[in-house]
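Residue numbers (the working numbering), protein chains in the order written: chain A, 981 to 1259; chain B, 981 to 1259.
If you're looking for bench data, these hints aren't it; they were derived computationally from the structure. Source: prediction; values computed, not measured. Treat the hints with care, since some could be wrong.
Since the list can't tell identical chains apart, any single copy or any two copies may satisfy a pair.
[Stated by the list, open to error] SDA-like cross-link-like pairs, simulated, lysine to any residue; straight-line CA separation at most 25 angstroms:
hint : residue 1 : residue 2
1    : K1133     : D1175
2    : K1020     : S1086
3    : K1219     : D1083
4    : K1173     : H1112
5    : K1133     : A1038
6    : K1020     : G1084
7    : K1168     : L1248
8    : K984      : G1084
9    : K1133     : Y1120
10   : K984      : A1081
11   : K1173     : Q1115
12   : K984      : Q1089
13   : K1133     : P1119
14   : K1020     : A993
15   : K1133     : Q1041
Below, each chain spelled out in residue letters.
There are 2 protein chains.
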Amino acid sequence: MQEKNNFVFINDAFYPSNNACININDMALQRGYAIFDFFKTLNGRPVFLQQHLNRFYASAQAMRLPVTYTQEQLKEIINQLLTKNDIPDSGVRITLTGGYADDGYSIQQPNLIIVQRPLPISTITEINLITHHYQRQLPYVKTTDYLMAIYLKDYISQNNADDVLYCNQNEVRESPRANFFIVTKDKKIITPKTDVLNGITRQVILHLKNITEYMIKEEDFTIQELQNATEAFITSTTKGVLPVKSINNLKIGDTDSKPATLLLQQKLQKIIKEEIGIY
Amino acid sequence: MQEKNNFVFINDAFYPSNNACININDMALQRGYAIFDFFKTLNGRPVFLQQHLNRFYASAQAMRLPVTYTQEQLKEIINQLLTKNDIPDSGVRITLTGGYADDGYSIQQPNLIIVQRPLPISTITEINLITHHYQRQLPYVKTTDYLMAIYLKDYISQNNADDVLYCNQNEVRESPRANFFIVTKDKKIITPKTDVLNGITRQVILHLKNITEYMIKEEDFTIQELQNATEAFITSTTKGVLPVKSINNLKIGDTDSKPATLLLQQKLQKIIKEEIGIY
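With the rest of the complex left out, here is chain A:
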């Protein structure tokens, strides 16, 4: 299918995506120095935009990349982009790079790039993970560093998995594009606390604190504890709350029943509907 030639915003103007270019001197290309954020729109309405913008500005500050626009100005630019492109269900990516460096090694005036694409239609209802020992560098910052994730694609498919679950020494961390949760036998829903990206969906789930008989919180756990989990799931902007079927080809939980995961899926869906004004 030929993709529609949507508009892209670069620095101060809109360009058709097939003509959306940056000079090869950019620090993202030269040195992998860039941050981004990614939110979705449903029915033309951004979901959790404020949370994503808060994180985007925090990532930019952590990497000493000045954003020339205020949050209000950036929201206005995003609105203009959504109006121009008219893609009701979409993913919007805001990237901020280290800018054009003649010496190829210094942060300059950043380049700001905003891209909107149709949301990929996914029919996946659960996923299989394979663990790999790796700690993301600068884990609290949403950088463009996915070198290991892409590098591991062969390893993932060779192990009949859909994605990787990073672990540092023995401790579970996260997937490259999703946070990870388990449900314990004593009814805790926990997600690693240390050295992970604070995903927006992760924040929404944690904000629930407790739901029916479950207590939801940040708590580190080990690879060994995975085998005692009754359920496991990942969270992300595109995938929402998605059940994990197996890790390292070992099934999670004794039964196919996943009451906590289903409960959170419903809860998240309700929160998103409220967010975009569908009651």
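Knowing the structure of chain A, use the given hints to seat chain B on it.
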């Protein structure tokens, strides 16, 4: 100083550098997925070109990035670029990216970018390093991941240093753009063996094996052993063999005398002169 608008090679054609652009869909920009190599020319002659090309193709293969050109074809393209630009003393960077990915996450037909710039004129005769605990990911591959190096620039200047020396746990590794050597009291010249980039200048120095009373070899050592070193130096394509004056603000060696470093500087200069045909 306004930089000359040199030619850049992208995929199959030459472009003026101010018009050398790639689409924002490129995987280097989206996901930091790219490799490169960098060699210098002196008097219009490439230095250690074969070694750099060997490493470039090895990096590409490690990251599953096909190079559409044979080494002979690539050499011919480089020759054309050198002729067009006519910059006798220059640095040439060959970058290979993950290509244009519509899904932003899959390796596609790579983009090949070759840039030539004048060699920066350096008057630095020694440098000061500050250690930082960090292990480069995929250390044997020359990727474009310099996220930590650029991120640490403030830390480096706050510590009155010129660059960082990465250490994993207690073991010394390398600088972001240079290998690291020490000279021991028992006349060994050693450079870390484990999880470092195999720099071309490092290879040239190691190939000497021994020189006068010194034995040169790969051997891991710890941060603690630095204080017993009589000399230390870094090696890189641009810096050659450059003495390290201090690490963590502690002077290396008891005296200012650096006989081994000077010997290797002379030796390297001689080898480079032979390489480019000046006897």
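Outcome of the hint check:
1. K1133 <-> D1175: both (23 angstroms within a copy, 22 angstroms between copies)
2. K1020 <-> S1086: Between copies only: 20 angstroms across, 32 angstroms inside.
3. K1219 <-> D1083: between (40 angstroms within a copy, 15 angstroms between copies)
4. K1173 <-> H1112: both (18 angstroms within a copy, 24 angstroms between copies)
5. K1133 <-> A1038: between (30 angstroms within a copy, 19 angstroms between copies)
6. K1020 <-> G1084: between (33 angstroms within a copy, 15 angstroms between copies)
7. K1168 <-> L1248: within (18 angstroms within a copy, 63 angstroms between copies)
8. K984 <-> G1084: Cα proximity of K984 and G1084: across copies only (16 angstroms, versus 34 angstroms in one copy).
9. K1133 <-> Y1120: So K1133 and Y1120 pass the 25 angstroms test inside a copy (23 angstroms) and across (19 angstroms) alike.
10. K984 <-> A1081: Classified as between; 15 angstroms across copies, 32 angstroms inside a copy.
11. K1173 <-> Q1115: both (13 angstroms within a copy, 22 angstroms between copies)
12. K984 <-> Q1089: between (31 angstroms within a copy, 21 angstroms between copies)
13. K1133 <-> P1119: For K1133 and P1119, the Cα distance is within 25 angstroms both inside one copy (20 angstroms) and across copies (18 angstroms).
14. K1020 <-> A993: within (22 angstroms within a copy, 38 angstroms between copies)
15. K1133 <-> Q1041: between (31 angstroms within a copy, 15 angstroms between copies)
In the structure shown, no violation is registered for any of the earlier numbered hints.
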